[in-house]
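Asker: Please put together the full structure from these sequences, using the hints given.
Position 287, counted from 1, in the sequence shown is what the numbering used here calls 287; the numbers after and before it change by one each time, with no gaps.
A hint or two may mislead.
[Claimed, not checked] In silico DSBU-like links for lysine-lysine, alpha-carbon gap of 30 Å or less:
(1) Lys-405 <-> Lys-53
(2) Lys-236 <-> Lys-220
(3) Lys-53 <-> Lys-111
(4) Lys-247 <-> Lys-399
(5) Lys-399 <-> Lys-185
(6) Lys-74 <-> Lys-276
(7) Lys-273 <-> Lys-53
(8) Lys-53 <-> Lys-123
(9) Lys-123 <-> Lys-319
(10) Lys-306 <-> Lys-54
(11) Lys-54 <-> Lys-165
(12) Lys-151 <-> Lys-236
(13) Lys-74 <-> Lys-102
(14) Lys-220 <-> Lys-399
(15) Lys-247 <-> Lys-123
(16) Lys-276 <-> Lys-236
(17) Lys-319 <-> Lys-185
(18) Lys-151 <-> Lys-298
(19) Lys-151 <-> Lys-220
(20) Lys-54 <-> Lys-102
(21) Lys-54 <-> Lys-344
(22) Lys-54 <-> Lys-74
(23) Lys-319 <-> Lys-276
(24) Lys-273 <-> Lys-319
(25) Lys-247 <-> Lys-273
(26) Lys-306 <-> Lys-185
(27) Lys-165 <-> Lys-111
(28) Lys-273 <-> Lys-165
(29) Lys-54 <-> Lys-151
[Stated by the list, open to error] Estimated spans, in silico, between C-beta atoms of each pair:
(30) Pro-303 <-> Val-135: 31 to 37 Å
(31) Pro-193 <-> Pro-333: 43 to 49 Å
(32) Ser-96 <-> Ile-180: 27 to 33 Å
(33) Ser-336 <-> Lys-74: 42 to 48 Å
(34) Ser-62 <-> Asn-403: 34 to 40 Å
(35) Pro-162 <-> Ala-128: 28 to 34 Å
(36) Lys-74 <-> Thr-274: 25 to 31 Å
(37) Pro-333 <-> Lys-236: 55 to 61 Å
(38) Phe-95 <-> Asn-403: 16 to 22 Å
(39) Thr-81 <-> Ile-410: 36 to 42 Å
(40) Val-135 <-> Pro-104: 15 to 21 Å
It should be emphasised that the hints constitute simulated quantities derived from the structure, not laboratory data.
For every residue, glycine included, the Cβ atom is placed at its ideal position computed from N, Cα and C.
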Amino acid sequence: MKSIVQHSNLLYKTVALMLFCLSIGSCTEQYVFQTNTFESIPVVQANITNELKKQEIKITRSYRLEEYGPTPEKGASVYVTDSDNNTYEFEFEDFSGLYVSKNPFQAITGKSYQLNITTNDGKSYSSATETLTPVNQINVEPKIETIDGEKGVQIVVTSQDPSSKSQFYRFEYAETYKIISPDWKPNKLTPDPSNPGPNYTYLSIPRGNSESRVCYTTRKSDDIILVSNVGLSEDKINLPIRFIDIKDPILYERYSIVVREYVQNLTSYTYYKTLKSLSTSASLLSQIQPGFNYGNLKSNSNPDEKIIGYFEVSSVSTKRIFFNFRDIFIDDPYPSFIADCSQKIELPNCFTEKFCRGPQIYSIVTGSGREYVYFATLSGGGDYANYVFTPAPCGDCTKISSNIKPLFWID
Numbered sequence: 001m002k003s004i005v006q007h008s009n010l011l012y013k014t015v016a017l018m019l020f021c022l023s024i025g026s027c028t029e030q031y032v033f034q035t036n037t038f039e040s041i042p043v044v045q046a047n048i049t050n051e052l053k054k055q056e057i058k059i060t061r062s063y064r065l066e067e068y069g070p071t072p073e074k075g076a077s078v079y080v081t082d083s084d085n086n087t088y089e090f091e092f093e094d095f096s097g098l099y100v101s102k103n104p105f106q107a108i109t110g111k112s113y114q115l116n117i118t119t120n121d122g123k124s125y126s127s128a129t130e131t132l133t134p135v136n137q138i139n140v141e142p143k144i145e146t147i148d149g150e151k152g153v154q155i156v157v158t159s160q161d162p163s164s165k166s167q168f169y170r171f172e173y174a175e176t177y178k179i180i181s182p183d184w185k186p187n188k189l190t191p192d193p194s195n196p197g198p199n200y201t202y203l204s205i206p207r208g209n210s211e212s213r214v215c216y217t218t219r220k221s222d223d224i225i226l227v228s229n230v231g232l233s234e235d236k237i238n239l240p241i242r243f244i245d246i247k248d249p250i251l252y253e254r255y256s257i258v259v260r261e262y263v264q265n266l267t268s269y270t271y272y273k274t275l276k277s278l279s280t281s282a283s284l285l286s287q288i289q290p291g292f293n294y295g296n297l298k299s300n301s302n303p304d305e306k307i308i309g310y311f312e313v314s315s316v317s318t319k320r321i322f323f324n325f326r327d328i329f330i331d332d333p334y335p336s337f338i339a340d341c342s343q344k345i346e347l348p349n350c351f352t353e354k355f356c357r358g359p360q361i362y363s364i365v366t367g368s369g370r371e372y373v374y375f376a377t378l379s380g381g382g383d384y385a386n387y388v389f390t391p392a393p394c395g396d397c398t399k400i401s402s403n404i405k406p407l408f409w410i411d
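Answerer: In structure tokens form, the structure reads like this:
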């Protein structure tokens with residue numbers, strides 16, 4: 001899971017919340033939002049870690065309220081230098097919209113690092129020099145808990161730094177769960193191209209590779225989760241990071257969560273804490289508005305020029321766990337499937353080759369109106385069968401998820 005993704009999500013969330021707060025300011029008249037004044041400001045999201053990998057940096061521009069979202073800043077020169085005069089060059093990657101280091105590297109204890117950017121309009125920016133924070137390993141465990149009368153599983157993160165040098169932490173997680181469509185069948189119903197209508201006939205054909213019985217859905221945390229142990233007698237973490245109700249369909253099959261702990265320094269912790277506070281309705285509705293959230297990036301030619309973002313060099317500890325429903329809950333009933341599969345339409349006594357003539361089922365077969373997929377079983381061993389249309393996710397999980405199995409997945 002990429003740190004820049006969560007940072008981006010929070011920025012988008014902040015903009016959306018601002019629009020919502022403004023929209024409720026008038027109860028009698030709608031207002032179409034437009035930007036009267038606008039500054040095109042670079043937005044940089046960069047975190048170099050102690051992982052040996054191709055590091056990633058995201059550079060976009062601030063955007064107007066009436067625009068859909070930010071666009072990548074292409075054509076920039078991006079590189080990181082260290083205190084040993086090594087240079088790590090980055091190049092733009094079209095499919096991800098990120099600047100990716102040409103070669104894998106990792107932040108090393110004792111070295112300092114600086115980010116340098118020259119945008120395609122010739123403006124130059126650099127960061128303060130940053131050093132790697134202490135390494136602190138984490139553990140992740142699922143525990144049964146009851147919160148507000150609701151039973152569920154609490155994902156708890158623990159760690160300890162006996163030297164008390166870490167103190168500032170930022171957490172992210174991504175959860176992946178398996179989906180198995182209960183009404184999956186290998187064939188589906190499709191209009192017969194030789195008889196397109198008005199008296200339609202239909203064929204039973206094998207499903208394509210794009211349709212599947214087994215899928216996997218991944219969702220990333222969209223909040224900034226911060227912990228400070230300053231002033232405490234021990235530098236310990238005991239963080240409930242994710243509670244899942246026992247009735248939540250994501251526990252229906254197999255579940256996995258990966259948690260990443262970034263050890264921060266005081267300045268990076270303060271930056272993210274300010275960013276988090278700006279995303280809350282309380283700060284947006286306050287009469288005392290905070291100023292510009294300056295990070296550790298600056299223009300090399302104009303000290304008054306604004307740039308948004310932070311160049312962070314942090315150690316990261318990652319832990320992934322898997323569990324099935326019965327690994328946690330021994331006697332409790334399973335949660336329901338992610339969709340209501342009880343709403344079926346049954347067409348009895350249809351021919352097994354070309355069958356169910358007429359336009360009355362055309363909208364069902366082609367997916368207009370309610371979206372259904374077909375499955376069938378022969379009844380009585382004869383030439384007729386009962387053909388049943390089931391809600392799409394119940395017969396084909398790709399309607400709501402992806403059938404690409406993650407590389408990390410373990411059954």
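Asker: Verify the proposed pairing of Lys-306 with Lys-185, using a straight-line Cα cut of 30 Å.
Answerer: 58 Å, violated
Asker: Check the following: the C-beta atoms of Phe-95 and Asn-403 are separated by a distance inside 16 to 22 Å.
Answerer: 20 Å, holds
Asker: Hinted pair, alpha-carbon criterion (30 Å max): Lys-53, Lys-123. Please report holds or violated.
Answerer: 29 Å, holds
Asker: Can you confirm whether the C-alpha distance between Lys-54 and Lys-151 stays at or below 30 Å?
Answerer: 41 Å, violated
Asker: Go ahead and decide if the range 25 to 31 Å is satisfied by the Cβ distance of Lys-74 to Thr-274.
Answerer: 29 Å, holds
Asker: Is it true that the CA of Lys-273 sits at most 30 Å from the CA of Lys-53?
Answerer: 27 Å, holds
Asker: Between Lys-405 and Lys-53, does the CA-CA distance stay at or below 30 Å?
Answerer: 22 Å, holds
Asker: Does the Cβ pair Pro-303, Val-135 satisfy 31 to 37 Å?
Answerer: 35 Å, holds
Asker: So the hint says 27 to 33 Å: do the beta-carbon atoms of Ser-96 and Ile-180 match that?
Answerer: Holds - the Cβ-Cβ distance for Ser-96 and Ile-180, about 30 Å, lies within 27 to 33 Å.
Asker: Does Lys-74 lie within 30 Å of Lys-54 when you go C-alpha to C-alpha?
Answerer: Holds, at roughly 19 Å.
Asker: So if I understand the rule, the pair passes when the alpha-carbon distance is 30 Å or less; does Lys-247 with Lys-399 pass?
Answerer: 22 Å, holds
Asker: Within 34 to 40 Å: is that where the Cβ-Cβ distance between Ser-62 and Asn-403 falls?
Answerer: 37 Å, holds
Consistency with the previously given hints fails for numbers 9, 15, 17, 18, 21, 25, 26, 29 and 37, ordered from lowest to highest.
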